[in-house]
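Trainee: Next come the chains, spelled out residue by residue.
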Amino acid sequence: MEPVFYDGDHVLTFNWIKPQIGDVIVLQSGKIYKIKRVIKISANLIFVAGDNKKLSSKVRPVRKKDVIGRVIAEY
Amino acid sequence: MNVLRLIDRVFPPEMVFAHCDVPCGIYDPHLAQVAAHTVLRMTNMIDELQASSPEPPFEERKRIISQISRLTKVKEEHAELVKHEIRVIWGDYLKDEHLKQHKAIHQLVFKIMKQASVARQNVNIKAANELLTMVQQFAEIFWETKGRKVQKVKSGYPTEGVIVLPK
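Residue numbers (our numbering), protein chains in the order written: chain Z, 63 to 137; chain B, 405 to 571.
Check the hints yourself; a few may be wrong.
[Stated by the list, open to error] Pulled from the structure, derived: some chain B residues nowhere near chain Z, Cβ distances all over 12 Å:
| # | residue |
| --- | --- |
| 1 | Gly429 |
| 2 | His434 |
| 3 | Val438 |
| 4 | Asn448 |
| 5 | Lys466 |
| 6 | Ile468 |
| 7 | Asp500 |
[Stated by the list, open to error] Below, a list of computed lysine-lysine pairs in the DSSO-like style, where the Cα atoms sit at most 30 Å apart:
| # | chain 1 | residue 1 | chain 2 | residue 2 |
| --- | --- | --- | --- | --- |
| 8 | B | Lys550 | Z | Lys115 |
| 9 | Z | Lys127 | B | Lys499 |
| 10 | B | Lys571 | Z | Lys115 |
| 11 | Z | Lys102 | B | Lys571 |
| 12 | Z | Lys126 | B | Lys499 |
| 13 | B | Lys499 | Z | Lys93 |
[To be verified] To spell it out: a stretch of chain Z is covered by chain B in this simulated footprint if at least three of its residues, at any positions, have a beta carbon under 8 Å from a beta carbon of chain B; those stretches are:
| # | stretch |
| --- | --- |
| 14 | 70-83 |
| 15 | 88-99 |
Hint data in this document are derived by calculation from the structure and do not stem from the laboratory. We put the CB at the ideal spot given by N, CA and C, even for glycine.
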């Protein structure tokens, strides 16, 4: 997610509001958590991608129920 | 914000990843080409095996069977390696923008998968050569997606032929 987030950054998430296009979210993927940016939203899916296009340029669908929360702060 | 870091010391946060796998971004069709050359080489070597007579002695039969087994094993492994390497580039590297530029890539990958199986299942020099040609076509497209011109250099392998490399 560089240049916005780097290894070792801490982020605070908030899950009372629905993510919007352009938001950064944390989502559950199997047993791990991932941080991605929302690219598109459909009825049941949220499409996400990484910011660092050199390393993460794929757009992936995510079920809305797998969204942990929207990132509201980096500290 | 330091307060949040202090809270994290008491309640350690979960680790979050930015990528699904190792984000090395390193892809290269070179290994697929070497594997295709190997399939051709093994096919040639099996094809060249000759017995001293129609009914060779038992010791000679053992030697030939052993040799064919070894060559076939390597041929099998490298045909699978071709498929693996091409699949990884196709599945992990290629993106929509590449597909718009190279509309035939899906069909080419499909043909490579099939051709690698044909080359694996048979002792067929023509099939092995066709596999190598297809993998080289794939290599040319791969480097074009990176904006690189390609050159065909002599492989220097016993199979002769070329390797497609970026200029």
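Trainee: Work down the list of hints and note, for each, if the structure agrees.
Mentor: Hints and how they fare:
1. Gly429: For Gly429 of chain B, whose nearest Cβ neighbour in chain Z is about 5 Å away, the distance does not exceed 12 Å, so it is violated.
2. His434: Consistent with the label, His434 of chain B stays out of reach of chain Z, its closest Cβ about 20 Å off (over 12 Å).
3. Val438: Val438 of chain B clear of chain Z: closest Cβ-Cβ about 26 Å, beyond 12 Å.
4. Asn448: holds (40 Å)
5. Lys466: Fine: 51 Å to the nearest Cβ keeps Lys466 of chain B off the interface.
6. Ile468: Holds, because the least Cβ-Cβ distance between Ile468 of chain B and chain Z comes to about 50 Å, which exceeds 12 Å.
7. Asp500: violated (9 Å)
8. B:Lys550 <-> Z:Lys115: OK: Lys550 of chain B and Lys115 of chain Z at ~14 Å, within 30 Å.
9. Z:Lys127 <-> B:Lys499: Given that 30 Å is the threshold and the Cα spacing comes to 27 Å, the pair holds.
10. B:Lys571 <-> Z:Lys115: holds (24 Å)
11. Z:Lys102 <-> B:Lys571: violated (38 Å)
12. Z:Lys126 <-> B:Lys499: Since the Cα atoms of Lys126 of chain Z and Lys499 of chain B sit roughly 24 Å apart, the hinted pair holds (cutoff 30 Å).
13. B:Lys499 <-> Z:Lys93: Distance ~27 Å between Lys499 of chain B and Lys93 of chain Z Cα, so the pair holds.
14. 70-83: holds (count 3)
15. 88-99: n = 7 at 8 Å, threshold three: holds.
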